[in-house]
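> Protein chains in written order, with numbering that gives the first Met the number 0: chain R, 0 to 321; chain C, 0 to 639.
What the hints contain is simulated information worked out from the structure, not anything from laboratory work.
One or more hints might be untrue.
[Unchecked claim] Negatives, chain C to chain R, calculated, CB over 10 Å:
1) S168
2) G359
3) I491
4) L542
[Claimed, not checked] Simulated restraints, written as ranges between beta carbons of each label pair:
5) C/P419 <-> R/A298: 49 to 57 Å
6) C/E562 <-> R/E66: 21 to 29 Å
7) C/G577 <-> R/L28: 41 to 49 Å
8) C/K405 <-> R/L28: 36 to 44 Å
9) R/T300 <-> C/F98: 51 to 59 Å
10) C/Q495 <-> R/L280: 46 to 54 Å
For each residue, glycine too, the CB sits at the ideal point set by N, CA and C.
Residue-level listing of the chains:
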Amino acid sequence: MTAAPLLDVRNLKKSYSIGRSGLFSKRSLKVLHDVSFSVAPGEVLGLVGESGSGKSTIGRAILRLIESQSDVMRFDGQDLNSISPVRMRSLRKQMQIIFQDPYASLDPRKTIRAVLSEALDAHGLHKGAARVPRLIELVTLVGLDPSFLDRRPHEFSGGQRQRIGIARALAVEPSFIVCDEAVSALDVSIQAQVLNLLADLRAKTGVSLMFISHDLSVVRYISDRVMVLYLGRVMEVGPADQVHFSPKHPYTAALVSAEPSLHRENRRIRLTGEIPSPLVLPSGCIFRSRCPYAQPACAETVPPLQTVGDQHQSACLRTDIL
Amino acid sequence: MMSVRNFPKRMILPSLFLAALIIIPFAAPLITADDPVKIAVRYRLAAPDLEHWLGRDEFGRDRLARVLYGGQVSLTVAFVATTIACIIGTLFGLVGAYFRGPSEFVTSRLSDIVLCFPPILLALLVVTLFGPGSVTLVAVLSVLYFPTFARITFSEALRVTSLDFVEASRALGTPSYRIVLGTVLPNIAGPLSVQYSLTAAAAITIESGLSFLGLGVVPPAPSWGQMIRGARQFMNQDPLGIMIPCAALVLTIYAINFFCDRLRDTLDPKGTSGSSMDEVSKPKSRANAPTIKDPDVVAVINNLRLETAHFGTPAVIEDVSLTLRANQCTALVGESGSGKSLSSLALMGLLPGAIRQVGGTLQLRRKSDEVVDLGFLDARRLEDIRGNDIAMIFQEPMTSLNPIHKISDQMIEAITAHRPMSKSDARAHAIALLKRVGMNDAERRIDSYPDQMSGGMRQRVMIGMALSCEPRLLIADEPTTALDVTIQAEIIELLQTLRQDQGNGLSLLFISHNLGVVADIADRVAVMYSGLIVEEGPAAQILRDPHHPYTRALIESMPSSHEELNSARGDRLPAISGTPPLPSARPSGCTFRDRCPIALPACAHIRPALYPSADGERAVRCLRAPEAPAGVMNHQTEAA
Ligand SMILES: Nc1ncnc2c1ncn2[C@@H]1O[C@H](COP(=O)(O)OP(=O)(O)OP(=O)(O)O)[C@@H](O)[C@H]1O
Ligand code: SF4
Ligand code: SF4
Ligand SMILES: [Mg+2]
Chain R
0 MTAAPLLDVR NLKKSYSIGR SGLFSKRSLK VLHDVSFSVA PGEVLGLVGE SGSGKSTIGR
60 AILRLIESQS DVMRFDGQDL NSISPVRMRS LRKQMQIIFQ DPYASLDPRK TIRAVLSEAL
120 DAHGLHKGAA RVPRLIELVT LVGLDPSFLD RRPHEFSGGQ RQRIGIARAL AVEPSFIVCD
180 EAVSALDVSI QAQVLNLLAD LRAKTGVSLM FISHDLSVVR YISDRVMVLY LGRVMEVGPA
240 DQVHFSPKHP YTAALVSAEP SLHRENRRIR LTGEIPSPLV LPSGCIFRSR CPYAQPACAE
300 TVPPLQTVGD QHQSACLRTD IL
Chain C
0 MMSVRNFPKR MILPSLFLAA LIIIPFAAPL ITADDPVKIA VRYRLAAPDL EHWLGRDEFG
60 RDRLARVLYG GQVSLTVAFV ATTIACIIGT LFGLVGAYFR GPSEFVTSRL SDIVLCFPPI
120 LLALLVVTLF GPGSVTLVAV LSVLYFPTFA RITFSEALRV TSLDFVEASR ALGTPSYRIV
180 LGTVLPNIAG PLSVQYSLTA AAAITIESGL SFLGLGVVPP APSWGQMIRG ARQFMNQDPL
240 GIMIPCAALV LTIYAINFFC DRLRDTLDPK GTSGSSMDEV SKPKSRANAP TIKDPDVVAV
300 INNLRLETAH FGTPAVIEDV SLTLRANQCT ALVGESGSGK SLSSLALMGL LPGAIRQVGG
360 TLQLRRKSDE VVDLGFLDAR RLEDIRGNDI AMIFQEPMTS LNPIHKISDQ MIEAITAHRP
420 MSKSDARAHA IALLKRVGMN DAERRIDSYP DQMSGGMRQR VMIGMALSCE PRLLIADEPT
480 TALDVTIQAE IIELLQTLRQ DQGNGLSLLF ISHNLGVVAD IADRVAVMYS GLIVEEGPAA
540 QILRDPHHPY TRALIESMPS SHEELNSARG DRLPAISGTP PLPSARPSGC TFRDRCPIAL
600 PACAHIRPAL YPSADGERAV RCLRAPEAPA GVMNHQTEAA
C-alpha cells in the first residue's frame, strides 16, 4: 500500500459509563483499547471477532455515529476529531454504512423511492429531472427491478431488503462503506449474490470497505486484509489469506479451527472457559484466560503488535508456537 | 396524503360515523329552529311531540336544540384541548428523545410532576382559582393531558431512534429536524393516535364532569354536563332528560374509539389486523391407523401437506416425508421460507392458527411404545406428549427463558410440571441436568437470572430443560445460529455426547441453514426447497456428492467451499441467480427450474417425484439425477 491511506486511525478508545458503583465514582466499561489501523483507497479491511469484541463500535465510531476518543482519526485528509458538524454532514456523502438487520434498517413506512431520495436530498444530488433516471440506475445496479421503487419494505425478502440498504449507501457515491454484518442475515444462495455484488462494485467503483463479520470464510473471501479483535484489542492483522490459512495468534487459530466446515477434517483447538466480562479483564495478555499456550509471563506484559510477516502483525508473546 | 381513490375500505365506516357525530351538532340550525336557551316555563318537562322531538327540559327549553348546541361546546372544548395537548406533548417528547441530555431531563421531570396529580383534582383546583368558563377548561385540559403525550412520544421515539433505519438517516447526513419529523414521527403515529382517542374521550368526560359540578361551561350556555346536571333532579319523573345527554356522550366516545382503533391498524404498514394470529390450529381427525413397524423408529412424517386457511391458496408444505430414528441425528436444511420450521412445528402440534394440515400423517412412538398419530390428538394429549416425548430448543434462548425469574425457578417448574416430585428433589435434578450440559459451578449459577448468563450458557440451560423429561425426540431449531463460532462448536459437541449417552437413544431433528454445522453433527440430511424435500440421504454421501442441482448450488455458493477465491483478485462466487419462489408463485413442473443451471424443457412439464436410489439409501427429486427412472422425460403422464 504505497498510496496515502483513505482512513487512518491511531489509538481509538471507547468506554461506556455504566451507572455508579460508589457514591461519586462512575464505573466505566472500556470496550476499545488503543485500536490502530488504516484503510487504503480501494482496499477492503475485514474485521472479525466474537460478539462483544468491539467490531460494530469501531464502525460506528469512524462514522461519528457514537462518541469516541483517538489520537488520530483522518479520513481523506480531513481530521475527524476537530471537524465541524457542518463539514461532517457533507463528509457523510463519502462515508456510508450497510447494516446487519435488513428488517430494522429500512423505515417500514417509506417506499423505496423515498428511502433512496432521502439519501440524494441530504446532499442535494440529482435534483429535478435527473432524479428518476438516477433512482432507476441505483436499483438496477443492485439487481432489483425499477418497478420495485414504489413498494414498501414489507413486500421484500431479506435479500432484497439488503440490496435496498446497499443501494441507499451507494446513492451518494461514497468512497468508503462500513458493512456491519451486511450478509450475515442472508441465506447462503442470496449471500453469495450480495457478496458478488460487492465484489463487482469494488472492481467498478474502487470503493473501500470495512467489512465486519463473524463468518471467517466470508471475510477471507471479500477482504484484502483482516484484523482480528478480542475484547476490544487487536490480536492479529494481516493479508486475508495469510491470517486465515496460517494464523500467527493462538486466538485466530482457535477461531479458524472452530469454524464448521464441509471440507476440512475437524481439528478443533479447544478454548477453555468463557469470554471474560469487560469489567474484569485479565492482566497482561487479554486472551490469557482462554489461551491454550498461556505462560506465567503472559500475565505480566500486554503483548505489543509485532511484525510476523509481510504486512502481518500479531500480538502474542510466544513466537515459538505457530 | 391519501387520495380519495385509495382511501382504505376499513376506514370508511368509522370515518362516516365519527364525521356524522361531529357534523350533526354543528348543523344544529339546519335541524331545529329552536333556541337552546329560550325559556318557556309553561312547557317544562313536556313530553316529546312532533315539533319538539325530544321534549323539553326543566325550563321548558327544547332538548333537541340543547343536546345539539351542547354538543358543539363539549366537542370543541374536548378536541381543542386534546389537540393542543397532543401537539405540545409530542414536541416535548420528540425533542427529549432525539436530542437526549437536558431536554430529556426536562421532559421526564415535568411529566412526572403533572402526572402526580389526579386529573379531576387538578382541574377542580384551577377552575376554582380562575373561575369557570370554556377557555379555562381548554387550558386546564391541555395542561392536564400534555404530559401523557410527552411520555408516550418520549418512550416510543426512544425505541424508534435506536433502530437501524434512523441511524442510517443520520449516516446519510439528513438534517435532524427532517429525521425527527419525517422518520421518527410517522413511526410513532399509531400509539399517538390511540392516545389521542383515549384523551379526547376522557376530556369529554371531564368537561361533562366539571360542568355537572357547575365548574365548567357557564349556564345558561348548554353543554352535556349542564344537561345531566339539570336533569338529575327530575330523574324519577323524567328519565328521558338524563338519558339523552348520556347517550350523546356514549355514542361520541364510542365513535372516537372505533375510529382510532381502525386508524391504528391502517397506519400499520403491514396492515395486519392482529387477530387470531396465535391461535393454534386444530387438527382434523382422520381414520388413519398408525403403524410404525421398526422398533428403532421414533417418528415418521409421511407425505405431510400444509395449507394456509384461506380457501384456494397453494400448499406452504407440499410434500415432506421423514423417518426419525433413535440414536440418529437428522438435519433439515434449506433457506428461510423453505418450510423447515413449519415441518417441525407440525410434529410438536404447534402449527400457527393460519396453517392447516390437509394431508399426510405424523406418527410418533411414545416412551410407552404406544404409537400415536399426532394429527388427530386433542390439545390436552398433545400437551402431555410435548412435555414427555418431544422437546424443542430454539435459536435465541433469551426469548424462551423468562427474564424476570431465576433459572432455578424456571427449571423446577418445568420439571415438576410433568413429574410429581418435591421442590428440593426437583432442584437437585435441575443441578444434575446443568452439570450434564457442561455448566461448571452449577450449584451456584442455577440461582442466576437469564441475562446474567452468556448466550452459550443460556442455550445450555435450554438444552438442560429440554432433557428434563428424557424425551425420545429432541427438535433443535437453529440452536447455534445466534452463537459465536467457538461457542457454537461447544454446543454441537454437547449435543453429540448427549445423544450418545441418553439411555434409550435420543433422536435429534436438527434444523439449520449452515451446511458446515450439519456436516459436523448429522447422520442424515434432508434438503428442503419451497415446501418440498428435494434430496435426502446419509449426510456424508449427500454433502460429498450432491445429486440435486439445488444442494450442489448451496454447497458451491458457500465461500468456505472456495478457499482459492478472493474478491481482491476479481473472483466471483459461483452463485445461482434468483430467489426461492413464494408458495403462490411456484413455477410449473420442477419448482427449482427457473434457478436451475441444468434445466431442460421437460422440467417445465413434469413435476419430479422423490426418486429413490437403487440401494434405497438416498432419494432425489430431479429429472436429471442418476436416481431418476430412465425415460421419465419421455412420457408426460405426470404433467402438471
Ligand atoms: N450503549 C452501550 N452501553 C454499554 N455498553 C455497550 C453499549 N454498546 C455496546 N456496548 C458494549 O461494547 C462492547 C462491544 O460491542 P460491539 O457491539 O461493538 O461488539 P461486536 O463485536 O459488534 O459484537 P456482535 O458480534 O455481537 O455484533 C460489548 O461489550 C458491548 O456490551
Ligand atoms: S501472549 Fe500468551 S496468553 Fe496471550 S496469546 Fe500469546 S501465548 Fe496466549
Ligand atoms: S428437474 Fe430439471 S429443473 Fe428440476 S432440478 Fe432437475 S434438472 Fe433442474
Ligand atoms: Mg455487532
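> Each hint should be assessed against the structure and marked as holding or not.
Quick rundown of the hints versus the structure:
Not every beta carbon of chain R lies more than 10 Å from that of C/S168, the smallest distance being close to 7 Å; the non-interface claim is violated. With a least CB separation of 26 Å from chain R, C/G359 remains clear of the 10 Å interface cut-off, as annotated. For C/I491, the shortest C-beta to C-beta distance to chain R comes to about 7 Å, within the 10 Å cut-off, and the non-interface label is violated. Distance to chain R contradicts C/L542 as a non-interface residue, since its nearest Cβ pair spans about 6 Å, not more than 10 Å.
Separation of C/P419 from R/A298 is about 52 Å and conforms to the stated range, judged on CB atoms against 49 to 57 Å. Between C/E562 and R/E66 the Cβ separation comes to about 40 Å, which falls outside the hinted range of 21 to 29 Å. Here the CB-CB span from C/G577 to R/L28 is close to 45 Å, well matched to the stated 41 to 49 Å. In this structure the supplied range 36 to 44 Å is violated for C/K405 paired with R/L28, their Cβ-Cβ distance being about 25 Å.
Separated by about 44 Å at the C-beta atoms, R/T300 and C/F98 break the suggested range of 51 to 59 Å. The hinted window of 46 to 54 Å between C/Q495 and R/L280 is violated, with their beta carbons roughly 33 Å apart.
Hint compliance for this structure: hints 1, 3, 4, 6, 8, 9 and 10 are broken, all remaining hints hold.
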